[in-house]
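Engineer: Residue numbers (my numbering), protein chains in the order written: chain R, 420 to 604; chain V, 11 to 187; chain X, 356 to 795.
If you're looking for bench data, these hints aren't it; they were derived computationally from the structure.
Please note that a few of the clues may not be correct.
[Unchecked claim] In silico lysine to aspartate or glutamate, DMTMM-like type, Cα no more than 25 Å apart, as pairs:
#1 X:Lys-605 to V:Asp-71
#2 V:Lys-178 to X:Glu-394
#3 X:Lys-595 to V:Asp-47
#4 R:Lys-560 to R:Asp-432
#5 V:Lys-107 to X:Asp-594
#6 V:Lys-151 to X:Glu-394
#7 V:Lys-110 to X:Glu-563
#8 V:Lys-110 to X:Glu-597
#9 V:Lys-151 to X:Asp-564
#10 V:Lys-107 to X:Glu-563
#11 V:Lys-93 to X:Asp-594
#12 V:Lys-172 to R:Asp-526
#13 V:Lys-107 to X:Glu-407
#14 X:Lys-487 to X:Glu-539
#15 X:Lys-487 to R:Asp-466
#16 X:Lys-690 to V:Asp-71
#17 X:Lys-586 to V:Asp-47
#18 V:Lys-115 to X:Glu-620
#19 X:Lys-713 to X:Asp-444
#20 V:Lys-115 to X:Glu-403
#21 V:Lys-93 to X:Glu-563
#22 V:Lys-121 to V:Glu-98
#23 V:Lys-110 to X:Asp-749
#24 X:Lys-769 to V:Asp-71
#25 X:Lys-586 to V:Asp-71
#26 X:Lys-559 to V:Asp-130
#27 V:Lys-157 to X:Glu-394
[As the list claims (entries may be wrong)] Negatives, chain V to chain X, calculated, CB over 12 Å:
#28 Ile-38
#29 Phe-95
#30 Asn-177
In this text, a Cβ means the ideal position worked out from N, Cα and C, and glycines have one as well.
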Amino acid sequence: MSSAGNFFTSKLDDAIGWARKFSIFQYPFVTACCGMEYMSTAAAHYDVDRFGAGFPRFSPRQADVLFVVGTISHKLAPVLKTVYDQMCEPKWVIAFGVCTCTGGFYDNYATVQGIDTIIPVDIYIPGCPPRPENVIDGLMKLQEKIQKNEQSRALYDPCSKIGRPDGIQGKCSTEGKIKHIEPAK
Amino acid sequence: MTENHTTSKQPGILTPLQRLQEKFSDKIIESHVFRGDETAVIGLLNLRSVARFLKETPEMDFNFLMDLTAVDYLFYTGGRVQKEFRFEVVYHFFSLKFNKRIRIKVPVDEKNPQVDTLSDLWASANWYEREVWDMFGIQFKGHPNLKRILMYDQFEGHALRKDYPFNKRQPLIGPIN
Amino acid sequence: MTQRRSMLLNVGPSHPAMHGVIRIIMELDGEKIKGADVEIGYLHRAFEKMCETVMYSQCFPYTDRLNYVSPLINNAGFALAVEKLLGIDIPERAQYIRVIMSEISRVTDHLTCIGATAMEMGAMTAFLYMIKAREFLYELIEEITGARLTISYVRIGGVKADLTQGFADRAFQKIAKVRKVLIEADEMLTRNRIFSDRMKDIGKISPEDAIAYGITGPFLRSTGVSYDVRKASPYLIYDKLEFEVPLGSKGDNLDRYFVRMAEMEQSLRIIEQCFVQIPDGEIACGLTGEVIPAAQMVDRAKMGETEELIEDEVALDPTLQGSTRKYHDAIYAHKKDVVLPAKENTYGNIEGLMNHFKLVMYGHGIQPPVGETYFPVEGANGELGFYIVSDGRDQPWRVRVHPPCFAIMAALPKCLIGGMMADLIPTFGSVNMIAGELDR
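Isolated chain R, as found in the complex (with noise of 0.2 Å):
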């Protein structure tokens, strides 16, 4: 490829990457103490609006980003698939509390031990809730994350289920994996 076309690719990723960054619909997959801190952020004091993410979607399929707050027990790592698998590309996942990063002290049998054993994982925000400044500087990390990543490189990305030039669905790696409870009668 010519020199310009390198110019016009890393411009419109440039382009591409700052509206994602401030554009941030996310997905709270709410289940433990750490959604008390997610409100406090969320709400007025912390304010996470200021950084385009003020706006939570709670269906995945119209979130970027998934973030997982709270312990995740063995119980409910299917549902957890489920939803990361209803997202569209591209898509980024927080872990937001240790419990989620490495199932912190709660290591037993109802405990996961880290989401990243299930599902991928962006960034890692720690403390056990993190604090209101440690998860905006975890968004903050997020951001900078998306604007350095090469934009279009979804459009061909064999996991990705959005339109790939030869009008050929990709599989995804985890598809046909996921076993479903079925619901108590």
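Using the hints provided, position chains V and X relative to the given structure of chain R.
Structural biologist: Here is chains V and X on its own, set in the frame of chain R:
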């Protein structure tokens, strides 16, 4: 534990434990008062009659089944005595009218862990009994819907038993780590 | 011939209105709820199993995360249960501090509950106001405990640190601010037609049903049954305080909202009374020496200069401030086999150091006598009871927590059946389910 069968602070007014002793003198295996908590240990077969007595006697009126749980005494050596039975199902009753509490304990054998249900007398027993089944594997005879409540159906074993390792994981998805 | 069939609707576990994780499977006839099945356990974190694997004092971080909206009440409840097992009393000042912190926690809990309910029904402003008020209280909590939410502040036999200088004044300022927010929120919600229409006569439960299900706390009181552990069997110093137990009459959502609003006012009243009554903490123990850093004190003690250090005070890390000798007697029970020594003793002489080590080493910590106790406290959602079985070792044989939410969730289908589908949201919000203590 201090054995305390006869003393009553107010003469004339019997404590719930004393009333219980009067009525079921032959059926109470053991009783004690420790730090003001009155406890009676009764046999498996007498549970429903004792519970009915606690609930329906107007002078007792234990209208709350406040808590229902179990304790696993496997390898227990407290007071250098091993327990005869592995489990104890523990009931905490509360009387709103008289502001009194009483604890009833029922020893349960390891081989046939089965207790009569109280879910028809107190609605609160329903979920508590499910939880005890889930965590200890103690069955409740006559329970309308005895299935796991906190853990998932695929989970094998009963987590709060002392012989279940605290970090033995059985993930539905993902690796065992 | 047409056939009528009911429809199953699954709500949760990840749903915006299911704060926390819970799954409700409803059987619908049109928009009417015919049946409901509640599935819990998505946040089961094995609290009871973990407590069996650690020492008594190490259980506190786990208790924080039971009802994470009001962790100080859980802390106090667990400490009181262990103290009952040990048979010890704690100094009066420590009791007052526990009450102050518990009541602050209760207010944060009710604020969060009402705020979240309002938000789910579309009143975002009320939510923002409530969280603003909660933030004022978090600042107070942080000042004393060093953390905002999961604080682990209470110790067996006392509390971690004394109140800071001038705390009462700052607390009064914050209380005034919270009151102002409550008035604003009250104006926004109580006379709001949409809010009251969606709350009134919805999610009703009769007092008989509530008692049969073992429901306690604001939920029970909204049905008109007066039961509050703080009045029925006063613990700490609640018998010295004047407060009322607000009661509802109908047991619907609106009554629960009113009871919570009134309880917040009572809690603020309690806090104010506590600051008036609280006995003086700092004792004039004749400290004439200088204030020296901890590391320096340890070094000098190692060189054998223990005699010269007796009068000195140690300068501590911010997280430990308020636990020096000056404050120690007023906030800890005088039992060396239960409470950690003052920091000057730990750093400055071998007896204190041994005492400290004996309490933090496995196999040597706090060892209550063989026995079992149940201790109830009034949590923000109802009676929070800890049942502890000890086998005489330094680890609990069994810790059972009686979670108030558990009974409430068992009764939730009772509130929902017969109502409309959309009523699920206000009903579920007003019962204030906290997954941490529900699933433990």
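Engineer: Now tell me, hint by hint, if it's right for this structure.
Structural biologist: Quick rundown of the hints versus the structure:
no.: 1; hint: X:Lys-605 to V:Asp-71; verdict: holds (24 Å)
no.: 2; hint: V:Lys-178 to X:Glu-394; verdict: holds (24 Å)
no.: 3; hint: X:Lys-595 to V:Asp-47; verdict: holds (24 Å)
no.: 4; hint: R:Lys-560 to R:Asp-432; verdict: holds (18 Å)
no.: 5; hint: V:Lys-107 to X:Asp-594; verdict: holds (19 Å)
no.: 6; hint: V:Lys-151 to X:Glu-394; verdict: holds (22 Å)
no.: 7; hint: V:Lys-110 to X:Glu-563; verdict: holds (19 Å)
no.: 8; hint: V:Lys-110 to X:Glu-597; verdict: holds (23 Å)
no.: 9; hint: V:Lys-151 to X:Asp-564; verdict: holds (23 Å)
no.: 10; hint: V:Lys-107 to X:Glu-563; verdict: holds (13 Å)
no.: 11; hint: V:Lys-93 to X:Asp-594; verdict: violated (40 Å)
no.: 12; hint: V:Lys-172 to R:Asp-526; verdict: holds (17 Å)
no.: 13; hint: V:Lys-107 to X:Glu-407; verdict: violated (35 Å)
no.: 14; hint: X:Lys-487 to X:Glu-539; verdict: holds (12 Å)
no.: 15; hint: X:Lys-487 to R:Asp-466; verdict: holds (11 Å)
no.: 16; hint: X:Lys-690 to V:Asp-71; verdict: violated (40 Å)
no.: 17; hint: X:Lys-586 to V:Asp-47; verdict: holds (19 Å)
no.: 18; hint: V:Lys-115 to X:Glu-620; verdict: violated (40 Å)
no.: 19; hint: X:Lys-713 to X:Asp-444; verdict: holds (21 Å)
no.: 20; hint: V:Lys-115 to X:Glu-403; verdict: holds (19 Å)
no.: 21; hint: V:Lys-93 to X:Glu-563; verdict: violated (39 Å)
no.: 22; hint: V:Lys-121 to V:Glu-98; verdict: holds (13 Å)
no.: 23; hint: V:Lys-110 to X:Asp-749; verdict: violated (31 Å)
no.: 24; hint: X:Lys-769 to V:Asp-71; verdict: holds (24 Å)
no.: 25; hint: X:Lys-586 to V:Asp-71; verdict: holds (20 Å)
no.: 26; hint: X:Lys-559 to V:Asp-130; verdict: holds (22 Å)
no.: 27; hint: V:Lys-157 to X:Glu-394; verdict: holds (11 Å)
no.: 28; hint: Ile-38; verdict: holds (17 Å)
no.: 29; hint: Phe-95; verdict: holds (15 Å)
no.: 30; hint: Asn-177; verdict: violated (9 Å)
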